[in-house]
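As they're listed, the protein sequences go chains A and B.
Per my numbering: the first sequence = residues 1 to 411.
Per my numbering: the second sequence = residues 412 to 671.
Don't read these hints as lab results, they were simulated from the structure.
Keep in mind that this is a model prediction, so the values were computed, not measured.
Just to be clear, a hint being listed does not mean it is correct.
Unchecked claim - Using 20 angstroms as the maximum straight-line C-alpha spacing, the simulated EDC-like pairs for lysine to aspartate or glutamate come out as follows:
| id | chain 1 | residue 1 | chain 2 | residue 2 |
| --- | --- | --- | --- | --- |
| 1 | B | Lys413 | B | Asp614 |
| 2 | B | Lys481 | A | Asp187 |
| 3 | B | Lys533 | A | Glu407 |
| 4 | B | Lys481 | A | Glu287 |
| 5 | A | Lys396 | B | Glu488 |
| 6 | B | Lys481 | A | Asp164 |
| 7 | B | Lys481 | A | Asp243 |
| 8 | B | Lys533 | A | Glu408 |
| 9 | B | Lys533 | B | Asp614 |
| 10 | B | Lys481 | A | Glu404 |
| 11 | B | Lys588 | B | Asp614 |
| 12 | B | Lys533 | A | Glu177 |
| 13 | B | Lys533 | A | Asp392 |
| 14 | B | Lys481 | A | Asp392 |
| 15 | B | Lys533 | A | Glu400 |
Said to hold, decoys possible - Looking from chain A toward chain B, a few residues come up when the C-beta cut is under 10 angstroms (computed):
| id | residue |
| --- | --- |
| 16 | Ser84 |
| 17 | Asp86 |
| 18 | Ile87 |
| 19 | Thr106 |
| 20 | Lys396 |
| 21 | Glu400 |
| 22 | Ala401 |
| 23 | Phe402 |
| 24 | Leu409 |
Glycine included, each C-beta is placed from N, C-alpha and C at the ideal position.
One letter stands for each residue in the lines below.
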Amino acid sequence: MPEAPPPIKATKKMKELMAGHFLGLDQAAREGRPKVAWCTSVGPAELLHAMGFAVYYPENHGALLGATRMATEVIPTANAAGYSPDICSYLTADVGAFLKGVTPLTQAYGIASVPKADVLVFNTNQCRDVEDWFAFYARHWNAPIVGVRSHRGLGAVQDHHVADIVAQFKDMIPTLERVSGNKFDIDRLRETVRLSKECTLRWRRVLELAARTPSPMTFFDHTIHMAPAVVLRGLPEAVEYYDLLLAEMDQRIAQGIAAVPGERHRLYWEGMPVWGRLRMLSDLLSEGRAAVVASTYCNSWIFDAFDERDPFDSMARAYLELFIVRDDEYKERYIHQWVERFGVKGVIFHDAKTCPNNSNNRYAMPQRLARSLGLSTLVLNGDLNDLRLFSDEQAKTNLEAFVEQMEELAA
Amino acid sequence: MKLAAGIDIGAAATKAAVLDPLGRLLGGAVLRTGVDFGLAGARALDEALAQAEARSEDLAAVFACGYGRKNVSLATETRTEIAAHAAAAYHFFPRALTVIDIGGQDNKIIKVNDQGQRTDFKMNRKCAAGTGAFLEEMALRLDLPLERLNSLAREAEDEARLGAFCTVFTATEVLGKIREGAPLSALVKGLFRSVIKRVLEMDSIAGAVVMTGGVVAHNPYLVEMMAQELEREVLTPPQPQLAGAIGAALLALRSREQAR
Ligand code: SF4
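Make a model of the complete structure from these sequences and hints.
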């Protein structure tokens, strides 16, 4: 087996940024300022930053619960409280951990609990679960909850869709002003939209580097290095971070360093990560010299439409244009484009039991893509967080057999 | 003469096969896996070698497949059981195929093109409904020795309709049917049907159909029922339970040839 690539140096900086993010939120929650806003991954973070909030992303906490494998221990507590084992396991892990009074932030940063919300802001463009999730905390703390109820399953994003979302953003402003104690300022919004755009441009570039053969990064690296794009978008630190990472990647490319040494197969990952098994899956595929070079999931933080000249409209458009908000025809075209550009020969569909919204295999898309693109496809049954729904042995055999099949077909 | 061997360590049974350079079966063995995969593999291989009247020095390569494939230290390489079953099925029936393997704890549907390359496969999900374990569990509940299932199903005049997916709920359903006075043979035929349904809902079928695995080796009537259900001929290789081991040995032979 060829030697593993050296670790990515920028990771150290990323860890510092993440520590700063969580410690800052903890301090804000304890001191009462700035006010803390909870925000879904595609909630209006730009607006919240512009209003002076410290912005916290519970989905990121959900992923931490998954990655530390605490999720599987705490989910049953939420199940017992009435949250079904069939609904979002970010929600059930997060609520379960809260009910049990535990968080992975304690071990990582010495933080006792998640930051108490002063306001909760959701966007249902991804699913309804986020609203129910935030509603739990809104009731618990008697905190205001506002949000965007989004269109879903869109073919083309039309002006009337955009206008509707913009109106919903504007409706939130009085609540946000009252909670933050700050007046809305359009110039500050322009600035955060500009910074988000700068961040997204760089994140896109990071992801596109994987179109090279061999790829300098894989999906598994992306799931780690996406963190600043997820929790720091709209802030200058995220932009600086990706400049650092891109410079390092340029160097790696110049030195011919491959993320998967001896890369032979190029794959696309469709669906959520299996947070508690990233290492296992990454090692298994590396052994078969298969590199997952692109994914829908990590692409979800590419917001091409952001434009500070038209902040509200462009935010609405950026959120609506995302893959998860679109119809199957669009999704297939999208995967098609990435597969072709990235020289992908196989697509792994992760059927995450508790997230139908990110499981695109359920209406025969793998079969359609296999036919139209002549690709190998595999459906991996599992879950993002609930490892009771994931079988290591089944996953291993499936992935090994999939790589064998690609090897046979390439021969 | 250099021979090749394959060892298939399944969750329930361990199988070994020894082939000559032309891929002809010289010896085979089937044992219960137990808790020590390495030992089971070694024993099965010894038995197969004895039957082949060969010694381990005669073996040019040993490939292992199956659930415990990584635990066999005597194997020179490993392959998945999916690759192995496909190779064996294509060896006996060289054409475009759908291979249906019903194993002790999992089922597989594997598509092979007319060149013998795999193009697609599906494994059952985490649940073992419709596998050998399902029939074992039901036999236990019905207090029947496993060997009697096949003849009971074959002689059935009626068939009990069973709808549940879950093994435990099927057992409850079966109890209900017993209360209603359904004959044992009808129940067993209903259980066979339920195995067939679980398999066919996994994937579509294309080309010739080959069934492999221990369950069809012991219950050939399942193959007949599958043929009726699909309204087409269903093939089985000689010794279907050894298909995985034979396939692994064939892959070992092939890789020796390629290395040359
Ligand atoms: S999109 Fe899926 S994983 Fe994300 S919050 Fe909604 S249900 Fe949970």
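### Query
Broken hints, numbered, in rising order?
1, 2, 6, 7, 11, 12, 16, 17, 18, 19
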